[in-house]
Amino acid sequence: MRIAVIGGIAGGTSAAAKAKRTNKSAEITIFEASNFVSVGACGMPYCLSGEIEDPFKLVVRTKEDFEKAGINVNLGYRVNEIDLKKGTLRAEDKSGKVAEYAFDRLVIATGARPRTLDVPGSNLEGIFYLKQLKDLLNILSYMKEREISSVVVIGAGFIGLEIVCAMVKRGYKVYSVYRGEKAPSNFDEDVFEDVLKVMDENGVVRMWGTEVEEFIGSDRVEGVKLTNGERIPADMVIASVGVIPNTELAKKAGLELSVSNTIKVDEYMQTSHEGVFAAGDCTHCYSAVTGEPIYLPLGSIANRHGKVAGTNVAGGKAVMPKVAGTSIFKFFELGVARVGLVEKELVARGVNYGKVLVKAGSVAHYYPGGGTIKVKLFWDKDSGRLLGGEIVGPYTGVKRIDVLATIISMGGTVEDLKRVDLAYSPPFSPVWDPLSIAANQAVKD
Numbered sequence: 544m545r546i547a548v549i550g551g552i553a554g555g556t557s558a559a560a561k562a563k564r565t566n567k568s569a570e571i572t573i574f575e576a577s578n579f580v581s582v583g584a585c586g587m588p589y590c591l592s593g594e595i596e597d598p599f600k601l602v603v604r605t606k607e608d609f610e611k612a613g614i615n616v617n618l619g620y621r622v623n624e625i626d627l628k629k630g631t632l633r634a635e636d637k638s639g640k641v642a643e644y645a646f647d648r649l650v651i652a653t654g655a656r657p658r659t660l661d662v663p664g665s666n667l668e669g670i671f672y673l674k675q676l677k678d679l680l681n682i683l684s685y686m687k688e689r690e691i692s693s694v695v696v697i698g699a700g701f702i703g704l705e706i707v708c709a710m711v712k713r714g715y716k717v718y719s720v721y722r723g724e725k726a727p728s729n730f731d732e733d734v735f736e737d738v739l740k741v742m743d744e745n746g747v748v749r750m751w752g753t754e755v756e757e758f759i760g761s762d763r764v765e766g767v768k769l770t771n772g773e774r775i776p777a778d779m780v781i782a783s784v785g786v787i788p789n790t791e792l793a794k795k796a797g798l799e800l801s802v803s804n805t806i807k808v809d810e811y812m813q814t815s816h817e818g819v820f821a822a823g824d825c826t827h828c829y830s831a832v833t834g835e836p837i838y839l840p841l842g843s844i845a846n847r848h849g850k851v852a853g854t855n856v857a858g859g860k861a862v863m864p865k866v867a868g869t870s871i872f873k874f875f876e877l878g879v880a881r882v883g884l885v886e887k888e889l890v891a892r893g894v895n896y897g898k899v900l901v902k903a904g905s906v907a908h909y910y911p912g913g914g915t916i917k918v919k920l921f922w923d924k925d926s927g928r929l930l931g932g933e934i935v936g937p938y939t940g941v942k943r944i945d946v947l948a949t950i951i952s953m954g955g956t957v958e959d960l961k962r963v964d965l966a967y968s969p970p971f972s973p974v975w976d977p978l979s980i981a982a983n984q985a986v987k988d
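If you read the sequence shown in the numbering used here, its first letter stands for residue 544, the second for the next number, and so on.
In case anyone wonders, no lab produced these hints; they're calculated from the structure.
Treat the hints loosely; a few may be bogus.
[Claimed, not checked] Dumping the calculated SDA-like pairs for lysine to any residue here, alpha-carbon to alpha-carbon at most 20 Å:
no.: 1; residue 1: Lys563; residue 2: Ala645
no.: 2; residue 1: Lys563; residue 2: Asn846
no.: 3; residue 1: Lys687; residue 2: Glu765
no.: 4; residue 1: Lys987; residue 2: Ala903
no.: 5; residue 1: Lys898; residue 2: Asp733
no.: 6; residue 1: Lys961; residue 2: Pro973
no.: 7; residue 1: Lys606; residue 2: Phe579
no.: 8; residue 1: Lys687; residue 2: Gly593
no.: 9; residue 1: Lys807; residue 2: Pro864
no.: 10; residue 1: Lys794; residue 2: Arg656
no.: 11; residue 1: Lys898; residue 2: Gln984
no.: 12; residue 1: Lys677; residue 2: Leu667
no.: 13; residue 1: Lys628; residue 2: Pro864
no.: 14; residue 1: Lys600; residue 2: Leu618
no.: 15; residue 1: Lys961; residue 2: Tyr938
no.: 16; residue 1: Lys600; residue 2: Asn666
no.: 17; residue 1: Lys628; residue 2: Glu799
no.: 18; residue 1: Lys712; residue 2: Phe701
no.: 19; residue 1: Lys716; residue 2: Leu683
no.: 20; residue 1: Lys887; residue 2: Ile871
no.: 21; residue 1: Lys768; residue 2: Asn666
no.: 22; residue 1: Lys725; residue 2: Gly700
no.: 23; residue 1: Lys725; residue 2: Leu900
no.: 24; residue 1: Lys865; residue 2: Gly772
no.: 25; residue 1: Lys716; residue 2: Arg656
no.: 26; residue 1: Lys563; residue 2: Leu618
no.: 27; residue 1: Lys640; residue 2: Asn623
no.: 28; residue 1: Lys794; residue 2: Glu624
no.: 29; residue 1: Lys873; residue 2: Tyr938
no.: 30; residue 1: Lys898; residue 2: Asp945
no.: 31; residue 1: Lys795; residue 2: Lys807
no.: 32; residue 1: Lys887; residue 2: Leu900
no.: 33; residue 1: Lys716; residue 2: Arg689
no.: 34; residue 1: Lys567; residue 2: Lys600
no.: 35; residue 1: Lys629; residue 2: Leu618
no.: 36; residue 1: Lys674; residue 2: Pro657
no.: 37; residue 1: Lys674; residue 2: Gly619
no.: 38; residue 1: Lys611; residue 2: Arg564
no.: 39; residue 1: Lys807; residue 2: Asn846
None of the values given here were measured: they were computed from a predicted structure.
Produce the entire structure from the sequences given, and follow the hints as far as they go.
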């Protein structure tokens, strides 16, 4: 069996490795357009901050590692055509040479690309997007070669805020530009206000409620003009305004698309064409709350996608479970996490929901090093089913979100959460954990 895998960062490499373990006799070949394979891209902001000194530590497995395991890796090969009827693909190598390769089964893991800003001056030197290892290397090189004092970070998603944090740790004057006024779309304002407070405490200049109108400079960027008329200095700009799934190749091959123009898949990660699977940021998953397809370009999900796709493409049988939509990030010493649906999303759907917001200690009140943790829960008022939650507080305490993810994934209720026997020891929690306090209040509501 000849298995081709298009894309070799997260979903693709997970698929290839699992396929080889499932079917040791399979001939597996990865086609990756960049010069790197199996990269832990979620660690890139921590390289920007200097917390991780060697960016190549983000490489999980090398080309040689895969080849020792019997998996062929073609780096610098961009696939530009798939013929599903013939079972072939055409790939162009770094020299421009195009060759045709035959396959019996296929995994498409083409990932996503940064959404770019189409405004005057967007081609100036010093404007960057952070998605691939080469982007990280380019930014690190620019910071080393240039004298930089001010950095503008555009966007306030997880990556954007992690970049803000990284640039502050580098000692730069940081401006945060975001079109929203109080919170990004995936968090509620009464939770996210803690992030804004920490941002202000660390000297970040917030230019929110406005957008970029123009980048200013001759050859390299020198400033940013905003739609509110203000101009801010910029020795460097890093934009993080979302991603676009790379699905043009799949669409051209005749595969069906789904939500957010992702490749449509079933619970086996199989596309609309039998024997062709998809994984990672180019495809979607299904919500454990609504059952609907949702686009969540997260490293954790990409790797799970790959494991399921790899099993099935090699002749095994695995199912991709519905996901609770769990996500988390660290902002200075603050941790921020969410799962399921938050209030603004429930309101938009017209759900009859209950909510509770509690503040409690992250550890026992007498134990040093703790802080206040905020927990917000949402549940269906008719059934009591847990629909979502948000947690913000000391970063060591917000992994509690995984408890909520577990309850949501099993279709549990706030009563189920109340009954959970949570671990207690003063360095980790008060005797009544913040989740237990929130669940008790929810049941009384």
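Hint check:
Proposed proximity of Lys563 and Ala645 is supported: the alpha carbons are some 18 Å apart, at most 20 Å. Taken as a hint, the Lys563 and Asn846 pair is honoured in the structure, with Cα atoms around 15 Å apart against an allowance of 20 Å. Note on Lys687 and Glu765: the hinted pairing holds, with a Cα-Cα distance of about 17 Å set against a maximum of 20 Å. Straight-line distance between C-alpha atoms of Lys987 and Ala903 comes to about 18 Å, which keeps the hinted pair within the 20 Å bound.
As the CA atoms of Lys898 and Asp733 are separated by approximately 12 Å, the hinted pair is consistent with the 20 Å bound. Of the pairs offered as hints, the one joining Lys961 and Pro973 holds, with about 15 Å between alpha carbons and a cut-off of 20 Å not exceeded. A threshold of 20 Å between alpha carbons decides the hint, and for Lys606 with Phe579 the separation of about 8 Å falls inside it, so the pair holds. Pair hint Lys687 plus Gly593 holds up; C-alpha atoms about 12 Å apart against a cutoff of 20 Å.
Restraint check for Lys807 and Pro864: the C-alpha separation of about 16 Å stays at or below 20 Å, so the hint holds. Under the criterion of a C-alpha separation no larger than 20 Å, the hint pairing Lys794 with Arg656 is consistent with the structure, at around 16 Å. Under the criterion of a C-alpha separation no larger than 20 Å, the hint pairing Lys898 with Gln984 is consistent with the structure, at around 9 Å. A threshold of 20 Å between alpha carbons decides the hint, and for Lys677 with Leu667 the separation of about 18 Å falls inside it, so the pair holds.
Restraint check: the Cα-Cα separation between Lys628 and Pro864 comes to about 30 Å, which exceeds 20 Å; the hinted pair is violated. A C-alpha spacing of about 18 Å is found between Lys600 and Leu618, which places the hinted pair at or below 20 Å, so the restraint holds. Restraint check: the Cα-Cα separation between Lys961 and Tyr938 comes to about 23 Å, which exceeds 20 Å; the hinted pair is violated. The suggested pairing of Lys600 with Asn666 is violated, with an alpha-carbon distance near 30 Å, which exceeds 20 Å.
This hinted pair checks out: Lys628 and Glu799 have alpha carbons roughly 16 Å apart, not beyond 20 Å. A threshold of 20 Å between alpha carbons decides the hint, and for Lys712 with Phe701 the separation of about 17 Å falls inside it, so the pair holds. Using a Cα cut-off of 20 Å, the hinted pair Lys716 and Leu683 holds, with the two alpha carbons roughly 17 Å apart. For the proposed pair Lys887 and Ile871, the alpha carbon gap of about 18 Å is at most 20 Å, so the pair holds.
With a CA separation close to 15 Å, the supplied pair Lys768 and Asn666 stays within the 20 Å bound. Distance restraint check for Lys725 and Gly700: the Cα-Cα separation of roughly 13 Å lies within the 20 Å cut-off, and the hinted pair is therefore satisfied. Taken as a hint, the Lys725 and Leu900 pair is honoured in the structure, with Cα atoms around 18 Å apart against an allowance of 20 Å. Annotation: proposed proximity of Lys865 to Gly772 is violated, straight-line Cα distance about 45 Å (limit 20 Å).
Between Lys716 and Arg656 the CA atoms are separated by roughly 28 Å; this puts the pair beyond 20 Å, and the hint is violated. Taken as a hint, the Lys563 and Leu618 pair is honoured in the structure, with Cα atoms around 19 Å apart against an allowance of 20 Å. For the given pair, Lys640 sits about 12 Å from Asn623 by alpha-carbon distance, which is consistent with the 20 Å threshold. Among the hinted pairs, Lys794 with Glu624 is consistent with the structure: their alpha-carbon atoms are about 10 Å apart, no more than 20 Å.
This hinted pair checks out: Lys873 and Tyr938 have alpha carbons roughly 6 Å apart, not beyond 20 Å. For the hint pairing Lys898 with Asp945, the CA-to-CA distance comes to about 19 Å; that is within 20 Å, so the pair holds. Using a Cα cut-off of 20 Å, the hinted pair Lys795 and Lys807 holds, with the two alpha carbons roughly 14 Å apart. The suggested pairing of Lys887 with Leu900 holds, with an alpha-carbon distance near 15 Å, which does not exceed 20 Å.
A hinted pair counts as satisfied when its Cα atoms are at most 20 Å apart, and Lys716 with Arg689 qualifies at roughly 15 Å. For the hint linking Lys567 to Lys600, the alpha-carbon distance of about 29 Å lies beyond 20 Å, and the restraint is violated. Proximity of Lys629 to Leu618 is assessed by CA-CA distance (about 24 Å); at most 20 Å being required, the pair is judged violated. Restraint check for Lys674 and Pro657: satisfied, since their Cα atoms lie roughly 7 Å apart, inside the 20 Å limit.
Simply put, Lys674 and Gly619 have alpha-carbon atoms about 17 Å apart, close enough for the 20 Å limit, and the pair holds. Between Lys611 and Arg564 the alpha-carbon distance is near 13 Å, which keeps this suggested pair within the 20 Å criterion. For the suggested pair Lys807 and Asn846, the alpha carbons sit about 17 Å apart, so the restraint of at most 20 Å is met.
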